[in-house]
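Undergrad: So for the sequence shown, full-length UniProt numbering puts the first residue at 1; every next one is plus one.
Because the hints were derived from the structure by calculation, they are not lab data.
One should not assume that every hint holds.
The calculated lysine-lysine pairs, modelled on DSBU-like cross-linking and capped at a C-alpha distance of 35 Å, are [to be verified]:
hint: 1; residue 1: K84; residue 2: K177
hint: 2; residue 1: K107; residue 2: K67
hint: 3; residue 1: K97; residue 2: K170
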Amino acid sequence: MKRFIKMQQLALIVVLAVILLGLGYRHVVSAKQVMAPQVESTVKSSTKQKTTTKAAKATNKTTATKKTIDWHAPSEKKAYPDLKQHPKAWLEVSQSKQRVYVKDGNKVLYTMYASTGLDNTTPNGTFTIEAERGASFFNRSLNEGANYWTSWSGHGVYLFHSVPTDAAGKYNVTEAKKLGQKASHGCVRLTIADAKWINTYIPFGTKVVVHN
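Between the sequences and the hints, there should be enough to build the whole structure, so can you do that?
TA: Written as C-alpha coordinates, this is what we have:
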(Lines of atoms letter the chains of each structure in order from A; the text may use other names.)
(Lines give C-alpha, C1' and ligand atoms only; values in the text may rest on other atoms or scores of the structure.)
Protein backbone atom coordinates (compact mmCIF):
# COMPACT_ATOMS: atom_id res chain seq x y z
CA MET A 1 0.00 0.00 0.00
CA LYS A 2 2.76 2.42 0.92
CA ARG A 3 4.54 1.51 -2.31
CA PHE A 4 1.36 2.29 -4.29
CA ILE A 5 1.07 5.75 -2.62
CA LYS A 6 4.70 6.53 -3.39
CA MET A 7 4.15 5.61 -7.01
CA GLN A 8 1.12 7.93 -7.17
CA GLN A 9 3.14 10.74 -5.62
CA LEU A 10 5.93 10.15 -8.17
CA ALA A 11 3.43 10.17 -11.02
CA LEU A 12 1.94 13.42 -9.73
CA ILE A 13 5.40 15.00 -9.58
CA VAL A 14 6.08 13.92 -13.16
CA VAL A 15 2.75 15.38 -14.35
CA LEU A 16 3.43 18.65 -12.55
CA ALA A 17 6.92 18.83 -14.08
CA VAL A 18 5.50 18.29 -17.58
CA ILE A 19 2.88 21.03 -17.00
CA LEU A 20 5.50 23.46 -15.72
CA LEU A 21 7.78 22.76 -18.69
CA GLY A 22 4.90 23.36 -21.06
CA LEU A 23 4.09 26.68 -19.44
CA GLY A 24 7.75 27.72 -19.62
CA TYR A 25 7.95 26.85 -23.35
CA ARG A 26 4.80 28.82 -24.13
CA HIS A 27 6.22 31.78 -22.18
CA VAL A 28 9.44 31.66 -24.23
CA VAL A 29 7.51 31.42 -27.54
CA SER A 30 5.27 34.30 -26.44
CA ALA A 31 8.32 36.38 -25.56
CA LYS A 32 9.84 35.68 -28.99
CA GLN A 33 6.62 36.67 -30.72
CA VAL A 34 6.55 39.95 -28.80
CA MET A 35 10.23 40.77 -29.30
CA ALA A 36 10.52 39.88 -33.03
CA PRO A 37 8.52 42.84 -34.35
CA GLN A 38 10.48 45.19 -32.07
CA VAL A 39 13.80 43.91 -33.45
CA GLU A 40 12.49 44.12 -37.01
CA SER A 41 11.27 47.66 -36.38
CA THR A 42 14.68 48.66 -35.00
CA VAL A 43 16.46 47.20 -38.05
CA LYS A 44 14.10 48.99 -40.44
CA SER A 45 14.58 52.26 -38.55
CA SER A 46 18.36 51.90 -38.67
CA THR A 47 18.29 51.08 -42.41
CA LYS A 48 15.99 54.02 -43.10
CA GLN A 49 18.31 56.34 -41.15
CA LYS A 50 21.35 55.16 -43.13
CA THR A 51 19.47 55.62 -46.42
CA THR A 52 18.42 59.13 -45.39
CA THR A 53 22.02 59.98 -44.43
CA LYS A 54 23.32 58.74 -47.80
CA ALA A 55 20.66 60.73 -49.64
CA ALA A 56 21.59 63.86 -47.69
CA LYS A 57 25.29 63.40 -48.49
CA ALA A 58 24.48 62.90 -52.18
CA THR A 59 22.40 66.08 -52.17
CA ASN A 60 25.18 68.05 -50.48
CA LYS A 61 27.71 66.70 -53.00
CA THR A 62 25.49 67.72 -55.92
CA THR A 63 25.02 71.17 -54.42
CA ALA A 64 28.77 71.56 -53.98
CA THR A 65 29.37 70.44 -57.59
CA LYS A 66 26.91 73.03 -58.88
CA LYS A 67 28.47 75.84 -56.86
CA THR A 68 28.38 79.08 -58.83
CA ILE A 69 31.78 80.64 -59.50
CA ASP A 70 32.05 84.37 -58.86
CA TRP A 71 33.56 85.40 -62.21
CA HIS A 72 34.24 88.93 -60.95
CA ALA A 73 36.43 88.00 -57.99
CA PRO A 74 39.76 86.26 -57.30
CA SER A 75 39.41 82.48 -57.37
CA GLU A 76 40.79 82.13 -53.85
CA LYS A 77 40.16 84.18 -50.73
CA LYS A 78 43.85 84.32 -49.90
CA ALA A 79 46.16 86.91 -51.41
CA TYR A 80 47.84 86.35 -54.76
CA PRO A 81 51.46 85.19 -54.40
CA ASP A 82 54.25 87.75 -54.20
CA LEU A 83 56.26 86.91 -57.30
CA LYS A 84 59.30 88.76 -55.93
CA GLN A 85 59.61 85.84 -53.52
CA HIS A 86 59.02 83.34 -56.35
CA PRO A 87 61.14 84.52 -59.30
CA LYS A 88 60.88 81.11 -61.01
CA ALA A 89 57.08 80.90 -60.82
CA TRP A 90 55.31 79.36 -63.83
CA LEU A 91 51.74 78.64 -64.98
CA GLU A 92 50.16 75.22 -65.42
CA VAL A 93 46.88 74.93 -67.34
CA SER A 94 44.91 71.72 -66.72
CA GLN A 95 42.23 71.18 -69.38
CA SER A 96 40.75 68.18 -67.58
CA LYS A 97 40.30 70.13 -64.34
CA GLN A 98 39.71 73.54 -65.98
CA ARG A 99 42.17 75.21 -63.65
CA VAL A 100 45.25 77.41 -63.94
CA TYR A 101 47.88 76.82 -61.26
CA VAL A 102 50.51 79.39 -60.33
CA LYS A 103 53.43 77.21 -59.25
CA ASP A 104 56.94 77.45 -57.90
CA GLY A 105 58.59 74.17 -58.79
CA ASN A 106 56.00 71.57 -57.83
CA LYS A 107 54.41 73.73 -55.16
CA VAL A 108 51.03 75.27 -56.00
CA LEU A 109 50.97 78.91 -54.92
CA TYR A 110 47.52 79.77 -56.23
CA THR A 111 44.67 78.07 -58.12
CA MET A 112 42.41 79.81 -60.63
CA TYR A 113 39.14 78.77 -62.27
CA ALA A 114 39.43 78.63 -66.05
CA SER A 115 37.66 77.83 -69.30
CA THR A 116 39.74 76.43 -72.15
CA GLY A 117 38.64 75.81 -75.73
CA LEU A 118 35.80 73.68 -76.99
CA ASP A 119 36.61 70.84 -79.42
CA ASN A 120 40.30 70.72 -78.46
CA THR A 121 40.94 74.25 -79.75
CA THR A 122 43.40 75.00 -76.91
CA PRO A 123 46.78 73.47 -77.81
CA ASN A 124 48.74 71.39 -75.34
CA GLY A 125 52.46 71.92 -74.89
CA THR A 126 55.08 74.14 -73.30
CA PHE A 127 54.89 77.85 -74.11
CA THR A 128 56.02 81.19 -72.67
CA ILE A 129 54.33 84.47 -71.87
CA GLU A 130 54.88 86.71 -74.90
CA ALA A 131 55.31 90.48 -75.18
CA GLU A 132 51.78 91.14 -76.39
CA ARG A 133 49.26 92.14 -73.72
CA GLY A 134 46.61 94.79 -73.24
CA ALA A 135 43.64 96.19 -71.34
CA SER A 136 40.93 95.01 -73.75
CA PHE A 137 40.18 93.74 -77.26
CA PHE A 138 37.23 92.90 -79.49
CA ASN A 139 37.25 90.29 -82.26
CA ARG A 140 34.63 91.24 -84.85
CA SER A 141 34.73 87.88 -86.63
CA LEU A 142 33.80 86.12 -83.36
CA ASN A 143 31.68 89.04 -82.13
CA GLU A 144 33.44 88.66 -78.80
CA GLY A 145 36.04 90.49 -76.77
CA ALA A 146 37.59 90.44 -73.30
CA ASN A 147 39.62 92.46 -70.83
CA TYR A 148 43.14 92.06 -69.40
CA TRP A 149 44.56 89.86 -72.13
CA THR A 150 48.04 88.33 -72.05
CA SER A 151 49.46 86.34 -74.97
CA TRP A 152 51.08 82.95 -74.36
CA SER A 153 51.25 81.57 -77.94
CA GLY A 154 51.02 82.86 -81.49
CA HIS A 155 51.73 86.48 -80.53
CA GLY A 156 48.15 87.43 -79.87
CA VAL A 157 46.43 84.20 -81.00
CA TYR A 158 46.20 82.31 -77.69
CA LEU A 159 45.62 84.44 -74.63
CA PHE A 160 44.81 84.49 -70.95
CA HIS A 161 41.93 86.92 -70.59
CA SER A 162 38.78 87.71 -68.62
CA VAL A 163 35.37 86.21 -69.27
CA PRO A 164 33.97 87.54 -72.58
CA THR A 165 32.61 91.00 -73.37
CA ASP A 166 30.33 92.19 -76.17
CA ALA A 167 30.92 94.99 -78.67
CA ALA A 168 29.88 97.57 -76.08
CA GLY A 169 32.40 96.25 -73.57
CA LYS A 170 29.77 94.68 -71.31
CA TYR A 171 30.40 91.25 -69.88
CA ASN A 172 28.47 88.37 -71.43
CA VAL A 173 26.87 86.90 -68.29
CA THR A 174 25.71 83.71 -70.03
CA GLU A 175 29.28 82.93 -71.13
CA ALA A 176 30.77 84.11 -67.84
CA LYS A 177 28.67 81.55 -65.96
CA LYS A 178 30.39 78.78 -67.95
CA LEU A 179 33.66 79.46 -66.15
CA GLY A 180 35.05 76.16 -64.89
CA GLN A 181 34.11 74.23 -68.04
CA LYS A 182 35.32 74.23 -71.65
CA ALA A 183 33.71 77.16 -73.43
CA SER A 184 36.22 79.34 -75.30
CA HIS A 185 37.47 79.48 -78.90
CA GLY A 186 40.95 78.41 -77.76
CA CYS A 187 42.05 81.06 -75.28
CA VAL A 188 42.06 80.55 -71.52
CA ARG A 189 39.27 82.49 -69.82
CA LEU A 190 39.66 83.57 -66.21
CA THR A 191 37.76 85.60 -63.64
CA ILE A 192 38.12 89.35 -64.14
CA ALA A 193 40.38 89.66 -61.08
CA ASP A 194 42.60 86.69 -62.03
CA ALA A 195 43.03 87.92 -65.61
CA LYS A 196 43.98 91.38 -64.34
CA TRP A 197 46.54 89.92 -61.93
CA ILE A 198 48.21 87.83 -64.66
CA ASN A 199 48.16 90.82 -67.01
CA THR A 200 49.76 93.04 -64.36
CA TYR A 201 52.24 90.76 -62.62
CA ILE A 202 53.21 87.72 -64.74
CA PRO A 203 56.39 88.77 -66.58
CA PHE A 204 57.45 88.23 -70.17
CA GLY A 205 59.13 84.84 -70.64
CA THR A 206 57.24 83.03 -67.85
CA LYS A 207 56.81 79.33 -68.66
CA VAL A 208 53.30 78.11 -69.45
CA VAL A 209 52.48 74.39 -69.61
CA VAL A 210 49.11 73.30 -71.03
CA HIS A 211 47.95 69.67 -70.76
CA ASN A 212 44.83 67.54 -70.58
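Undergrad: Taking the hints in turn, state whether each one holds.
TA: Evaluation of the provided hints:
Pair hint K84 plus K177 holds up; C-alpha atoms about 33 Å apart against a cutoff of 35 Å. Proposed proximity of K107 and K67 is supported: the alpha carbons are some 26 Å apart, at most 35 Å. With a C-alpha separation of about 28 Å, the suggested pair K97 and K170 falls inside the 35 Å cut-off, and the hint holds.
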